[in-house]
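Required output: the full structure, derived from the provided sequences and hints.
Protein chains in written order, with this note's numbering: chain A, 1 to 346; chain B, 1 to 346.
Don't read these hints as lab results, they were simulated from the structure. Mixed in with the good hints there might be a few duds.
Remember, identical chains collapse to one label, so a pair may be satisfied in a single copy or spanning two.
[What the hints assert, rightly or not] Mimicking DSBU-like on lysine-lysine, the simulated pairs with C-alpha atoms at most 35 angstroms apart in a straight line are:
{"no.": "1", "residue 1": "K74", "residue 2": "K117"}
{"no.": "2", "residue 1": "K233", "residue 2": "K117"}
{"no.": "3", "residue 1": "K126", "residue 2": "K2"}
{"no.": "4", "residue 1": "K74", "residue 2": "K338"}
{"no.": "5", "residue 1": "K126", "residue 2": "K196"}
{"no.": "6", "residue 1": "K45", "residue 2": "K17"}
{"no.": "7", "residue 1": "K126", "residue 2": "K338"}
{"no.": "8", "residue 1": "K196", "residue 2": "K74"}
{"no.": "9", "residue 1": "K45", "residue 2": "K117"}
{"no.": "10", "residue 1": "K126", "residue 2": "K45"}
There are 2 protein chains.
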Amino acid sequence: MKIVDLQFEESVSTYIKPLHIANEIAAEATNIRVSLLTDSGITGKGEASPSFRVNGESVPALMALRAQILEEVKGMSVLSYMLIFDVMDRFSSSSSSLKLAIQYAVVDAFCQHTGIKPYQFFGGRKEYVETDKTVSIGSLEETIADVEAIVSEGFNVVKMKVGEDLQRDIERVVSVSDRFRNISLIVDANTGYTAKEAVFFADALYRERCPVVLLEQPVPVHDLDGLKLVRQKAQLPVGADECVRTRYDAFRLVKNDCVDFINVKLMKSGLSDALAIIEIARSANISLMIGCMCESGYGISQSVHFAAGTGAFVYHDLDSHMLLRNTGPVGFDQRGAKLFVTGPGS
Amino acid sequence: MKIVDLQFEESVSTYIKPLHIANEIAAEATNIRVSLLTDSGITGKGEASPSFRVNGESVPALMALRAQILEEVKGMSVLSYMLIFDVMDRFSSSSSSLKLAIQYAVVDAFCQHTGIKPYQFFGGRKEYVETDKTVSIGSLEETIADVEAIVSEGFNVVKMKVGEDLQRDIERVVSVSDRFRNISLIVDANTGYTAKEAVFFADALYRERCPVVLLEQPVPVHDLDGLKLVRQKAQLPVGADECVRTRYDAFRLVKNDCVDFINVKLMKSGLSDALAIIEIARSANISLMIGCMCESGYGISQSVHFAAGTGAFVYHDLDSHMLLRNTGPVGFDQRGAKLFVTGPGS
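Here you go:
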């Protein structure tokens, strides 16, 4: 089970409808498929979904790392998986999605060798998870129409992007709340507010009894004091996304009482730090959700297996394969909002 | 891989020389061997080494839990190992060594089924660890003779029990330090000091340049403020043992800056909490050692595989099989101070 080669392949997908979040609109996504070849003939596969905004990643820079990473992992055994995790941890700061792709490919190869599925490697706690679906920033009419469609598709949790215009954000969330009574809302400001704006926003939604279960990343990444203030003043659960990539980020936030929730994304943390964040959060009674970048169906399967196996997440925002063209489930089956780690007959 | 039955068997061993720690002398040890039978014919094995002093455990009480635990885990699949871990987590407060034995038996069965060794399940970081050996509380002459023997057997780290008599403790540690220049010393007070005594003790050893690498559990379990004070005043690294059993204990100590080191013992934490403590410690730059209760050779192999696989520990105090009669290594090979997860030819 020794690694003999590594292959990287770029893959471009376009959004069915451009994704509009605070201060950014995305029309397409480029992912990197990693194949990790072993001397036993088993090939492990992983997908990186790079993000410049969150991780500082660029696709050409990641592609250019192939030779260096191969040199470091060549000859290592997939059965000593943590040693390979350690090698990739050194790429955390600027190449975390590639770190994930390699780490996941190792687990994939380990699982093929041992005859188990990845969700069993991760603990086998569940066989499916339920995902939300995301609504871009848009006009009130667009927002209502988008939520209407999402609800009719069977989703019970809707994630609304906010953070560009406080008054319009409140109006959009309150309108959706008035119109759709049986859904749960995650509102994600993607760093778009000041602390006081975020408190004002949370207050307004709370007073209007909006079914908001989580306010994600209200303030900029490095404003931990601001995040703590929002957490303490807001009646709604407050979560961190962009400001938690490593275990060290998570520990600092938790130690300083800054959050109720952490949004774990494999593309920010890789498997190694995601596993650590789960243990830290559980030890501190902090809740977790799992999110995604722009993964294809295969990339999302990584998070489906991880989330099902660990059973660690209250909410699952694993919808990018639905927002992109031509990237259906691979490695999981979808029935409405539910993502199953195995097909019906398997 | 479904669980169909569970068998418990008591096993008594006597100490070659009674083990004298602060306020307790032990002459024999009773362990419980657990066999977990699955419907595929694979039997997983684990050993519990109960401790009344640390865990509040008594052997008859643990033996009496067999029917209840079997009822809870019967029919569960070993491949969904975290679900079985979760069941056993509910036994943390009063039966943590039994929790470990069941959790380890699950891993043992998982590994037999998948054709890997337990140290690979835990990450495969190393194939051996180096252990210390322990010196009881005793007269100066006895102590010197014991250390002499330990050093001649090839051990580089010696663990000295202290905590009953401050002045004599200092005298013993200083004498050993003067006489044996090339060893590292772990001094373990087993809760025997007040905070101010511990600081005085640490000061004396530091001034005499004793090669003490760790002062373990200087103060009583619930005196976290005292522990923090010792940590802040002492120039030596200060560790917690008896006061860390669960992930919650570890998180509280680390959050409140009470320790430099944590002594993880599988018998206090089981696999589930031990894994969490590793992640917390690494995230907070806290160091770890691994210790033991009174495990036999098989029980110690559990910690050897865990410590080698996770590669998480600076010091290893895995010597109980050497202190007890007729309990040689099972599942590992010993060469001097080194404990190998696999034999030379395998």
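How the hints compare with the structure:
{"no.": "1", "hint": "K74 x K117", "in the structure": "both (24 angstroms within a copy, 22 angstroms between copies)"}
{"no.": "2", "hint": "K233 x K117", "in the structure": "neither (43 angstroms within a copy, 50 angstroms between copies)"}
{"no.": "3", "hint": "K126 x K2", "in the structure": "both (31 angstroms within a copy, 16 angstroms between copies)"}
{"no.": "4", "hint": "K74 x K338", "in the structure": "between (38 angstroms within a copy, 28 angstroms between copies)"}
{"no.": "5", "hint": "K126 x K196", "in the structure": "neither (39 angstroms within a copy, 50 angstroms between copies)"}
{"no.": "6", "hint": "K45 x K17", "in the structure": "within (28 angstroms within a copy, 55 angstroms between copies)"}
{"no.": "7", "hint": "K126 x K338", "in the structure": "within (12 angstroms within a copy, 40 angstroms between copies)"}
{"no.": "8", "hint": "K196 x K74", "in the structure": "neither (51 angstroms within a copy, 53 angstroms between copies)"}
{"no.": "9", "hint": "K45 x K117", "in the structure": "both (13 angstroms within a copy, 24 angstroms between copies)"}
{"no.": "10", "hint": "K126 x K45", "in the structure": "both (22 angstroms within a copy, 25 angstroms between copies)"}
Taken one by one, the earlier hints fail for this structure at numbers 2, 5, 8, listed in ascending order.
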